[in-house]
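These protein sequences, in sequence, are chains A and B. Sequential numbering of the first sequence, starting at 0, is according to numbering that gives the first Met the number 0. Sequential numbering of the second sequence, starting at 0, is according to numbering that gives the first Met the number 0.
The reader is advised that the hints may include incorrect statements.
Stated by the list, open to error - The list that follows gives simulated cross-link-like pairs (lysine to any residue, SDA-like), each with its CA atoms no further than 20 Å apart:
#1 K239(A) <-> R168(B)
#2 K126(A) <-> G90(A)
#3 K289(A) <-> T77(B)
#4 K96(B) <-> S57(B)
#5 K289(A) <-> V91(B)
#6 K289(A) <-> R168(B)
#7 K287(A) <-> K287(B)
#8 K289(B) <-> K289(A)
#9 K287(B) <-> V81(A)
#10 K287(B) <-> V91(A)
#11 K289(B) <-> G90(A)
#12 K96(B) <-> I172(B)
Everything labelled a hint here was simulated from the structure, so no lab data went into it.
Each chain, letter by letter, is given below.
2 protein chains.
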Amino acid sequence: MTQALALGIDIGGTNTAFGIVNRRGEIIAKGNMPTTGHDTPHHYIAALRHELTPLLDSAGRENFEGVGIGAPNGNFFTGEIVFAPNLPWRGVIPMAKMIGEALNLKAVLTNDANAAAIGEMTYGVAKGLRDFIVVTLGTGLGSGFVANGELIYGHDGFAGELGHVIAVREGRICGCGRNGCLETYASATGIVRTANEWLAERNTPTVLRAMQPNITSRIIHEAAMQGDVFALEIFEFTGKILGQTLADTITITSPEAIIFFGGLAKSGDMLFDHVRTHIEHNLLNIYKNKVSLMQSALPDADAAILGASALVW
Amino acid sequence: MTQALALGIDIGGTNTAFGIVNRRGEIIAKGNMPTTGHDTPHHYIAALRHELTPLLDSAGRENFEGVGIGAPNGNFFTGEIVFAPNLPWRGVIPMAKMIGEALNLKAVLTNDANAAAIGEMTYGVAKGLRDFIVVTLGTGLGSGFVANGELIYGHDGFAGELGHVIAVREGRICGCGRNGCLETYASATGIVRTANEWLAERNTPTVLRAMQPNITSRIIHEAAMQGDVFALEIFEFTGKILGQTLADTITITSPEAIIFFGGLAKSGDMLFDHVRTHIEHNLLNIYKNKVSLMQSALPDADAAILGASALVW
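Generate the whole structure from the sequences, applying the supplied hints.
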């Protein structure tokens, strides 16, 4: 008996996760590989193909209806990845076409955070919601906006780059070449940047000082859990910047919920208590106390894999 | 022969415009009255009813299918006007119900800028566009967002309050009680505020100094047209603040066009050349040189009246 299967691939700044998904939304096999360390997209795809071949073969290639791909700066309309500041390769990469040809499968691509939003709407905490935002706090900050039950793609397929809203005028330089983008503050790399900047500027005692130059968002979280005042203040600062920007964003689409996931979202209330405080503090009164902040209940990469695979059906 | 007619009412901060519209989108009669000068919403509605009665009677009351209302902070879902900083009355006003009862017509209400967006989409320059923003530069700054061909109402009907996005942190105090809202800079009242602030702070010679305290956005425009450097600089400043905020907004919904109307929009390229410059300067590269800035081609109040009336059908 043949089974309808989809391959879902989530291309992150650091890691690529993939999984085989059936019609019921069950991930029946999965794996991952580094996104970095491949000089060109061609090398990357050769490595990806090498990883995927045994999986596809064992599930039976004839069962696959296609491959769905989530990627930073991915464009649903063209299947291209375009000037992605958090990927190792520059310029415009026709990734859907390249992966489709390499695997001999019909390929559809979208923004990684859009894929996550579709995953949350189909299988996660956003089931039944018609107006919500998904914010991914990974290497960068991605977002997917749903309004009237539909993903907002914009006229060109590039809507929803919340990570590149200017959170601080004349602020930190961003990988995109501009200054003050939200993701330079509120992301796994942004919070590490805050730690390193503050360590250089201040003499406050903190357990983080000894960890340089190997500080990660997880290390900052652990220090904060142990009551390190410096680390706690980093979370407060990060939550403030994120909360201020989200308050402005709510003013535009008035979502019922904001759903967070990604590495930094694992810090939970350590971060989100501050985010909530600064959202509410900055909201126009008609929006106050209405927006739920949620954490994705889907295991880490699963929302993105499920969302990517849902593009196939 | 009976005719299907709708009454459209646009409640602005200063002026209320109304018109009788037929199915073909022709305004067959119109008028206006001040919004201000009525102590309570009940007094306002009594005056409105007085103005409308001869119009409704001469067109034949039996021909009307209903009344559509556009109002600042109007909520499509509840028919209420909620905490509108630019209207003379505070709190929550069940305006659709009150007008419906006063006129004995089915009444539907939405945000004034949403009504304008529907008007532009149905009869104006947005015809055929699926992703665009309408920005009204009147007493305040209103906005209506269309994505995937549908107005974004948000989960509570309050989406699209671009005038209350924080353009300048810790900036000017706004009627909403917060600081730095876009409309305190980019609106007919905002630009006058800039003029008065600068006149108090600077000694630059300008024809505007003699006009105090009666400066209007129109007077500033006329001074700029005559080459008054101070007035020209006011337009540059206003265009910069508006352009910066619109660049962030584009990052969220990626519209094909931004359509402006309202009193301040009449300044045309005097304002929009600067808006364009600062949008492009602040945009993430994937959005550059893609967004058209347009001025509404519909006569002043007509877009709002037509949009409001279109709610009835």
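Consistency of the hints with the structure:
For the hint pairing K239(A) with R168(B), the CA-to-CA distance comes to about 13 Å; that is within 20 Å, so the pair holds. Distance check on the hinted pair: K126(A) and G90(A) sit about 36 Å apart at the alpha-carbon level, beyond 20 Å; violated. Our distance criterion of 20 Å between C-alpha atoms is met by K289(A) and T77(B), whose separation comes to about 16 Å. Restraint check for K96(B) and S57(B): not satisfied, since their Cα atoms lie roughly 24 Å apart, outside the 20 Å limit.
Between K289(A) and V91(B) the alpha-carbon distance is near 17 Å, which keeps this suggested pair within the 20 Å criterion. In summary, the hint linking K289(A) to R168(B) is not supported, as the alpha carbons are separated by about 23 Å, beyond the 20 Å threshold. About 34 Å separates the Cα atoms of K287(A) and K287(B), which puts this hinted pair outside 20 Å; it is violated. The straight-line distance between the Cα atoms of K289(B) and K289(A) is roughly 34 Å, outside the 20 Å bound, and the hint therefore fails.
Our distance criterion of 20 Å between C-alpha atoms is met by K287(B) and V81(A), whose separation comes to about 13 Å. For the hint pairing K287(B) with V91(A), the CA-to-CA distance comes to about 15 Å; that is within 20 Å, so the pair holds. This hinted pair checks out: K289(B) and G90(A) have alpha carbons roughly 18 Å apart, not beyond 20 Å. Pair hint K96(B) plus I172(B) does not hold up; C-alpha atoms about 33 Å apart against a cutoff of 20 Å.
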